Each structure stands twice: as C-alpha cells, then as structure tokens.
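Dock chain B against the given chain A, drawing on the hints supplied.
Order-wise, the sequence lines are chains A and B.
Numbered per full-length UniProt numbering, the first sequence finishes at 678, counting up by one with no gaps.
Numbered per full-length UniProt numbering, the second sequence finishes at 609, counting up by one with no gaps.
Derived by calculation from the structure, the hints in this document are not laboratory data.
Quantities reported herein were computed from a predicted structural model and do not represent experimental measurements.
Built from N, CA and C at the ideal position, the CB exists for glycine as well.
You may find that some hints are simply not true.
[To be verified] Think about it this way: if two alpha-carbon atoms lie no more than 27 Å apart in a straight line, the pair counts; the simulated DSSO-like pairs of lysine-lysine are:
id, chain 1, residue 1, chain 2, residue 2
1, B, Lys384, B, Lys370
2, B, Lys150, B, Lys418
3, A, Lys35, B, Lys481
4, A, Lys391, A, Lys428
5, A, Lys314, B, Lys150
6, B, Lys77, A, Lys121
7, A, Lys314, B, Lys489
8, B, Lys537, A, Lys61
9, B, Lys106, B, Lys77
10, B, Lys347, A, Lys51
11, A, Lys314, B, Lys585
12, A, Lys121, B, Lys347
13, B, Lys481, B, Lys279
14, A, Lys51, A, Lys35
15, B, Lys150, A, Lys121
16, B, Lys564, A, Lys314
17, A, Lys314, B, Lys537
18, B, Lys398, A, Lys35
19, A, Lys314, B, Lys490
20, B, Lys537, A, Lys35
21, A, Lys527, A, Lys351
22, A, Lys121, B, Lys579
23, A, Lys329, B, Lys150
24, B, Lys384, A, Lys121
25, A, Lys121, B, Lys490
26, A, Lys35, B, Lys489
27, A, Lys88, A, Lys66
28, B, Lys77, A, Lys35
29, A, Lys433, A, Lys108
30, A, Lys88, A, Lys196
31, A, Lys35, B, Lys392
32, B, Lys106, A, Lys351
33, B, Lys537, A, Lys329
34, A, Lys35, B, Lys150
35, A, Lys26, A, Lys108
36, A, Lys8, A, Lys391
[To be verified] Output of the computed footprint for chain A on chain B, the stretches with three or more beta carbons under 8 Å from beta carbons of chain A:
id, segment
37, 431-440
38, 541-547
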Amino acid sequence: MATSNSKKYLENYHNYLDKRVTLFTKPFDPLIPIKRNRRVLPEELKFRVLKSQHFNNYLDKISDNKNDRQQKETEAMQILTEIGFDRKILVIRSLGTVIDKLMAQLYKNVFINEQSIERLKAIMGRQQIIYLPSHRSYVDFMLMSYVCFSYNLEIPAIAAGMDFHSMFGLGELLRKTGAFFMRRTFGDEFYWNIFKEYMHEIITYNDFGVEFFIEGTRSRTCKALWPKTGLLSMALEPFFMGEIYDIKVVPTSISYEKVLEEQLFVYELLGIPKPKESTKGFFKAVKNLIDKNYGNMYFDFCEPISLNDFLGNKVDRFRHASEPAHIQKLNNDELVLITDFAHHVIREQQKKIVISTYNLIALIYNQYVFLNSTESLTINVLQNEIELYLKFFEVLGAIVAIDDTNLIKSIHEAMQIHDNILEIVGEKSIRLKKANTLATRQNNGLKLKGHWLCKEMMDIAVPVFSLQLYCNPTMFWLSQPAIFVFSLIGRQNVKIEWLKKSVMHLRNIFIYELVLYPRFADEDFEKTYALLEKLQIICKIDDETVSLTHSPYINILLSAISPFFNSYLQTTQIIFNNFKEKKFASKEIFIAVQSILEHEMLKGNFSIHPYALCLETITTTLLSLCNIGCLFKEKQDSVNQYSVHAENMSSLVDELKQYNSNLTFVYKYFNTLISSKI
Amino acid sequence: MSKNFDTNIAKTLDQTTIRNVESVVPKKRQELLKWYGWGYEDSKFHIDDYSLFFSGSRYPIGNDVELPNFRDWMGQKFELSVLEKPKLPTTFPEPILNETFYNTIKDMKMDYSVDGEDRFIRCHGQTLHDIYNIRANKFKRIPDLILWPKCHDDVVKIVKLADENNVMLIPFGGGTSVSGSITCPQDEERSIVVIDTSQMNRLLWLDKENLVACFESGIIGQDLERTLKDEGLTMGHEPDSIEFSTLGGWIATRASGMKKNVYGNIEDIVIRVKMVTCKGVLERNISAPRVSCGPDFNQLILGSEGTLGIVTEVIVKVRPLPAVKKYGSLVFPNFEMGVSCLREIAKRRCQPASIRLMDNEQFHFGQSLKADNGLFSKFIDSLKMFLLSKVKGYDLMKISVATLLFEGDKEEVEKQEKLIYEIADRYSGLKAGETNGQKGYVLTYVIAYIRDLGLNHGIISESFETSVPWDKCLSLCINVKACIESECKKRGIIYYLVCYRVTQTYDAGACVYFYFGFRWDSDCSDPVGQYEEIENKARDEILASGGSISHHHGIGKIRAKWYKQSVSPIGVNLYKSAKLELDPKNIFGLNNLLTEEDQINFETLNSKL
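Pulled out of the complex, with its shape left as it was, chain A reads as follows (with noise of 0.2 Å):
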C-alpha cells in the first residue's frame, strides 16, 4: 500500500469532535508539566519579578533618586499589569465552550493525535514544558488551551503579541486564559528587561508550562518561517545558568485543510494591508466564517524533546554555575545552540504537519501549468498523478491525509472545500477560477506596501496565489531535492564536488525563503543525496559523478520550486537593472517590482510566474542578497538602506539566468488576457 506509513501514523488520530463533552461542566484536574511543593497564583510571578535582584540591580543603576526609583517601580508594575496572565476557571470554560461550538462549526473532523496526549501525560510532573506549536491561524491560539482542557492537561501560559492586548474585552478575556503579552518594540531596555524576569519566572517558579510561537507569527505564505530565538533564549536561560536540570521541549504540529485566514492572507502578501484586529471585526469575521465548511485539521504533539539531552554534551553549564545567574548573559556559543535547536523544532513541527488531497492537487495544477498541458488535466489524469506523488511523498517520509480507496471521492470533497480557487468545468476538466476582486477596491485611505495592482492584475494573482498557499506546506519536503535536480538539470555526468558548490549556493540564495539553516548543511547533502539515490532520481555515473535520470519525479520537483526560483530571478533582475547607482529601501523595491511584473504580465509576457508578486519572497529576497553579498545594508533614520555591490549582482543574474534557461517552463494561468488598460 502506498500510503502505509501515513496510513498507520493518522489510526493515532481521533475525531474531537466524536466525542465532545460538556467543557462547562466538566471536571478539571489537569496533570501539571513539574510539580512543586504547591500551586503557584499567576499574581505571584509578578510580585518576584519587582523583588528579583536582577530587577533591583536595574532599577538602582537607571534611577536617579529615590523618588524616581518609586516612580519607575509604579512604570514597571503597570507593565507587569499588561504583561501578566491570569487564570480565570469560569473564563476558560466560557471560552472554552464557545470555541467547542465554533469548532463544530468549522470544521467537518479535528482530529487529534491521542498516542501524542498519552506521551505526553506520560512526562507530565517531571520537568517544565515549553509548547512551540506551527503557527498557521489564530485559531492556533485557541486550540492549544482547548487540546488541554479537554484532555485534563494544564494549560499552558501563552505568548501573545500586543495587538489581541488591544482587543477590547477579548485581549482580557484571553489573559484570564492564560495568554500573556508581548509588545513588539525593540530597543526599549526597560521594558525588556522586566518582560526577561517574567518569563524568567514563569520558567522557573510557575508550573503551568509554556507557550509560544517560535516562528514568531502566522506564516502568511503557510511554508515553515525562519524561527525567531529571542523568546526561546530567554526561556531557555535558566537551563543554561544551572537554575533548572531540564526542560522538556514539545514541537506542536497544527494543520488545517483549509486556513481560515486563507484570502486575508493573499492580499497581505500582495500587499493591501490587512485590516486591524478590532473586536467588533473580530466578531464579524466569526459571523462570516461560520457558514463555510474548513474540512479537516489536525493536532499532533511531536515528541518531546529533552534540552538536556539535546544539548547535554554541547554545553558547559558549569562555567555559569560559579556565579550568580542574574549577574550573567548567554554567550556567542550558547545563543548559535539555541538557534540550532531552534530548527531542529522548525523541522519537527514540519514532518508532523499533515499534507491533504488539495496540497497534491494545487502542486499538480501547477505543474500542469507549467508544461502548459492544463487542457489535458481531466479528473481521471489527476487521480493518476495523486497516486504518483502519493508514492513519492510516502519514501520522503510526509504524513498524507488521503483516502486512497476513494480517491475520487477525495477528489471532489477537497475540490468542493476550496471551490474558490479551482473548479471542474465540462468533461471533468479542472482550471484556476479568475477572481473578481472588485469589493477590495474600496480600500481607500489605507496605507500600501506595495504598489497599487490594478484589478485585472489581482484577479489573476489572487488565484494563483491562492492556489499557491497549497504548494507551499509541501515544500519542506520538496525544496532540498528540488535544489538538487535544479543544479543538475540540463547537465551530464556531473562532478559531486561540483554539485554539493551548486547545492549550497542555492541553499544560500533560498536560506531564508525555503529555511534552509545552514549548519545543517552538510547533513542534508548527505541524506537528499542518498534520498534521490534511492528514488533513481539521480544515479551515479562513477565514484565522482553522477547524472540526472528520467525519473517522473524530476518535473514534480521543479515544477515546486519554480515559482520562488522565478520570484528570485524576477526581483533580483530588477534590482540590478534599477537600482545599481542608488541607495533605496525596501517600500522602493516592493514597487518597482510589483509595477514593472504588472505591466509585463498584462502584457502576455508567460515568463514571469505571479507568485514574484509577492512580498514576503520579495522581503526574504532582499535579505539573501545581503547576506551573499550582492548587497549592502546600513541603517539611516531606523530605515534600512540598500546598495547593490555590481559585479557580485552581476554575476548572480547571470548564474540565475544560466539555471533558468535549463527550465522550459511557462506560467500561463489564463489565456485571456485584458491589455486595454495598459
């Protein structure tokens, strides 16, 4: 059987929703993460963070008397006020139960890894657990308290950012859940330095156990996002200064078959501002959402992760042990660890997240587009290749939620949950349904990223881009083979010291857009190169060389990755055709590039894939360009400035253009074109 694997991994999910109790009345007696000699009170942490001597410290060095020492302790319990969380038992199951009808609502299955809850339970009382779920939707948010209290699991204390704060009444209402804030500020030393404390003290006083969202934020483009260690450091702290023997660390993995966020997404990443969180918006946008049906998601906790043991003979905690810890800061070493384990969380929440029919779907749609055959794309043909990538995602190891004793069944009910984005027209063929974008017009007043798209171009990127954000989960399985087959496409007998150069300057072009950390590097070369090897995607010539096969899998692959490969070669031409006399910011960018992809589109060139658009890749371009050298970044008035360095700019173009000219591919999403206003 194909999917075996999978298969046997999702019998350990159960549907939530099969078995609901009432969540207002049910007992709570949750299992806690470390037991202590008693229960901490929430109101307790912020009372040690103003007697904390690292506090204190602070407070006699920045006060200038004592007046203004009283003044500045009043300014920090009113931070401690904004930042703490509370608990609130009657709130939780309030909440609690709303979210139960809203989730019965949404969607048609939650399914929840239960051998995952029964590893957990089992670690439970021993050590603090920090919970590090994906972070796809808000919905994130409600659901790691919800798993918990329905499975009588503490519930953790949970990072939020400042704009839910903002939320009247709900900001309140989730704090007495649990949720803590964060403002986004950087630089704002006094601040910092109490929020520090606090987590400090959730870590190693409270016993409720941790959560936050490592990627930082909702990954708007759904692919992993480069994990942010500045919250992760300062919960680690303390098992590096010896405060604490261990932490168990517990990757989340949260999927959805469709996001709610979905199109607030697409036109983010194309740039329109997304409205601000309000309640009344909030409530509107619950009102909207009922209605429609979001199919299948999935919880799983990865397994846990001892710091202790992960870290165990890399670390030398006794060189802070001889001192007291609050005098101390991580050093270099310790903060690349971090950022190593870091990834390695990325990584464990990404083999867990579970791909679904309209993943394969949208990857084969756009192959299809690509090899420009999409005529040719009729149901039957499309059942035949799911079967294919069905196969090639069971030997990378993915776990795929389909049923493929009825397949076409899958077919047509992952078809029907995303009737937005493509339908099946006459006999059984499939196409990418044009979007009439006309309401979003009324925008008005808002501020732009970007550069103003014209309908006629946002009625063909919002599909594709829609479309898109169901290829993109996919690619962390995808993006390491695909850079492979790219350098050896088009070559023959080619060196394997010369592939591993290709590999990882590739790796290096896409290090932020596809994550590719790079001192993992060396690693994956090995486990992609023996992978391919043993998909026959690639076969070796002699000791030294190898070449490229026929294999099926070949176009999969490229076809993946071509849409970023494009948006690269896109952004990084216009920057050295514009931009190589001038210092710019990244705002001139994202206009020049949205403008001038614009007019070229419109007017029929097939060579620009529409995803370029986008700003996230267009942001993370910029950023690779830094890091390769081919630009400069400075700092002037907190903007950040741009120079192209020419001839290292010049020579990636190039290179660009040479792996380019080896792909045949056109992205013809429609065939009609409307040039009028151009």
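Relative to chain A, chain B alone:
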C-alpha cells in the same frame, strides 16, 4: 637532608604528661569491625524470615527489636530479595616485599604484619566500589606489608627508609574514606606498605589555660572525645564517622563535623600540624592564635589526601564541655520553607550547634526506622500526625523536618531555642519535640549500616555531598533529584530512592547531602558501574547547578575528573609543583586528586635524574 627530619626545633617533652589512650578499636581491627562493610561486626541490620532487626546494643534502635515499619518501607521501595552473605577469602595475593626495606624494618623492631587478612582488610576505604570489590574479592593488588609505628620518630624512620628504597606508602587511619583515596592502586608495581597509625594515639599534652591539646594523629574520634571528656573538655568535631575515623584522616580529607557551628570545621580547630614528608618534616612553628606569615602551609596539608606526607602530631583547640545538650525538631509544610528558614537563621548567625533539614522522602525513611514499641506509642504518633495534617493542614507527603542540637549553658540554650523557634514560626515551622530531634541524629550513625543490608539484598546505595550558595540551594536539590530520576529511567531502573538533606549552614551557603539507592536488575552485570555512571551524572548536575565538587568527603580518585575545573589548570600545576617538591619519587603514591591524564610521569622524571 637528614637535618630536615629532626623536628626543627629540638624539644624535650616531659614524658609524664603523655597519656596513653586505650582505643576502642583493637590493633587487629577485624576482631571488632566488619571486614566487608561499615562499622562494628556485631551491629547490623538482618532479616530473619520476614522480620527485620538491628543487632547489637550499641545503638538505640538495636537490641534486636523488630523494625516492622522499616521492613514495610524497604518492601515498598525496593521489593526485597535475599543474596548470599559474603565469605572472607582464605587465600590472598603473595606480598611483594622490598628486601632491604623489610629487613631493616624487622631490625628496627617495628610492629609489622604480612598476614593476608591484615593486608586484605586495609586495601580499601568505604566507597561503594571498595565494598563491592572486597565482597566479590576483586582486588588484584592489596598492601604487601602493614606497619604500626608508635610515634612520630617511627614514622620519620619509615618514610626515610621508604624513600631510600623506593617503596610506596599508604597512610591508613580509620579506613572510612569515601573518595577512593586510600584504595590500593591496582597497577602499583613497587612494594606497598601501609602505615597504620592506630598505635599512635596518645594525648601528648594538654594545656587547659590556652585550651589546646596535642594528640597523635592516629587517635580515633570517640577515643579522643572520651579522653577529653574525662578532663571536662571536648574538641567538638563530630563527623558521622567519629566512631572510627582518626584525627590524621580528618586533616588529610578536610573533614567537617556536625557541630561545626560551635566548634568549627577541622581547619578551624587545628592550630599546628606536623607532617612527615620524603624531604623532611613540615611544621609551622607557631602556636599563636593567628599569624600573618605568608601563605599558610597548614592549608597545603589539609586536604592533601595522603599524597604529600603523613600527619603525625596535631595541636588542636579544645573547649569546656557544655553544661546542657538539648535536641529539638521542627516541621515545615515543605522543604522550600525549611530552606528559607535555615537561610534566615544563617543570616542572623544564630545557628545552634547543629541544624539539619530533611526532605520529605528522608523524613519517611527516618520514620520507618522507629521500632514497634507497642500500641501506645503508635497511638501517640498517629494522634500527632492527625493534628499536623488535619488541624494544621500540613500535607504529610510534603512536610520537611529539621532536627536541632543546642549546646551551651542552660540560659544560653534557652535563649537560643527561643530565638530559633521564633524565626521558625515566621516560616510556618512547628515545634515537633525533642525525641524526634534525637532520633534524627541517631539515624546519622545507623544510616551507614543500611548500605550493607542493601548489598545483601540486591540494593545499591550510597551518599554524596556538596556545598552550594544559598540562592542555588533549593534548585540544586531539585535538579539533582530530577537528574537521578531521569538517569534511572533511561536505564530502566524501577525501584530507587533519592532523598536529600541540608546538613550544614554557612554565611554564604549550605552543605547538602544526597542519598541514592536502587535495586539492581538481576540481568545487570555491573551494578556498581551503573551506580557510578549515575553518580557521575549527578555530580555533573551538582556542578552545573552551582554546587561544589565536595564539602568534606574530598576528591580522592572518584571525583578527580572535576578537580581541574574546580581549582583551574594553574591550581593543578601548583599542586603538582608541591608534590614534586615534597615527594619526587611518588613514595606517597595514592595518586589522588589528579586524573590519569594529569598525573605526573614519575618514571620518566626519575630516569632523567
């Protein structure tokens, strides 16, 4: 060179002031003491059918009174099984004798023995490793010759002779080392000679005006205290091994006594010390209470662990016997509160002679050692428990108990008690009576016997200690326990016990004692190895949590791997320089303190000379 060996300034002691001390421990140690474990031969836990007893009349729990609670506790924790009692070997390795040395010793009419049993029982200390090896008769190399010098001059002669003939020397006092420091080096090729100091145990003189006494180093703790008690005095140094360990041994390991709050640790008690080295006698010729006289070489002798020379005579401070000795105890709702209370008491520097704080596990363990004294006592106990848990709301599975020992004149003790109970009250500490306190201290001496009971039944247990700053005291306890639990789990060990107690308090921190025991799987071929792996992990965690390599057990061999990080590489070099200066041939070749990589290569060194 010979000049250095004469006591630097010639003295003629009035021989009549010398008092011979009849030691409790005979020259033939094995007649009184166990050869295969801790303490007196007649005192041990034993199991008949299903009942558990402690034999002998030396300890309050003895006299073969049944200990049903302890049996139940052991049963609960470990699920006992019975192993065979060890048998004393009848054949021993042939002694390797250095002819010249051996003959000269005989000519000198020095007391000696080459008897296998005498040699066998002096090849080890009291680490788990030692005891396990001795029971399994696993020592390949045991001492070749035992000598019993009678005085400082005898020692001088032996050391000189050994140095001339390249014979290795092991100073041997009470044999209670728990660091592997006196364990016979198994790869030593030279003749190994043990200098047993037990016959060198006289009180040389006593000065009641200045309250100082001069003892020979071989006197064991209980003999020393008994001798002083006759004079209405005490030295007040009471390590848990006081029944068997010697003054010289205390100095060599930097020992600490239970009552250090009143009398100080060994380094505070010692005024002068005479150490015979291969290069001569090292001694500070000053009896004044304190001197500014460059680096203090007493500090080089303290903690030298038998590697630099042998201590022969010691001048110590003594104190008048206290009029009142009173026990006490406190119950805290949890260990954390107890630690906070101890910290406050230390801050105010009003510690009684001894104050110790047991965690909950150890409290239950101690409770189980109570004899079954019939219905009435049980009724009283359960009434107390009822009051504690139901009326005061203390959770018996969380409470922590402190034991107290007050010493001084009546008023002083009363004042102290009042203050302590006042402070305790602020930390929810309830008075729990004298008897509980006293029992706590009895447990101290008896606990060492439990390891032997365990070994007979497939349970391995051992204690280890550390010192730690106050702010890290609680987290260290928690971390080490978590570490041991996690390591047990990794090894599939189901039955185990970890408990701890704070046994000493200082201005800046405390001494913490851990007890760890587990039942080994019958499949496990090397339970001691398994134990040591776990203890090593625990020590790593102790150091990572801000604790020290050792508070008073010393480094020896089993903690050598952490010596360098504790004293810095320069510190190690400094020690090595001292070693090379005092003992270039490695006559005192116990190889303590240094790891194998750090050892001085004496062979190449001496071949160059």
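- Could you work out which earlier hints the structure fails to respect and list their numbers in ascending sequence? Going through the list in order, the structure violates hints 2, 5, 8, 9, 11, 12, 13, 15, 22, 23, 24, 27, 32, 34, 37 and respects the others.
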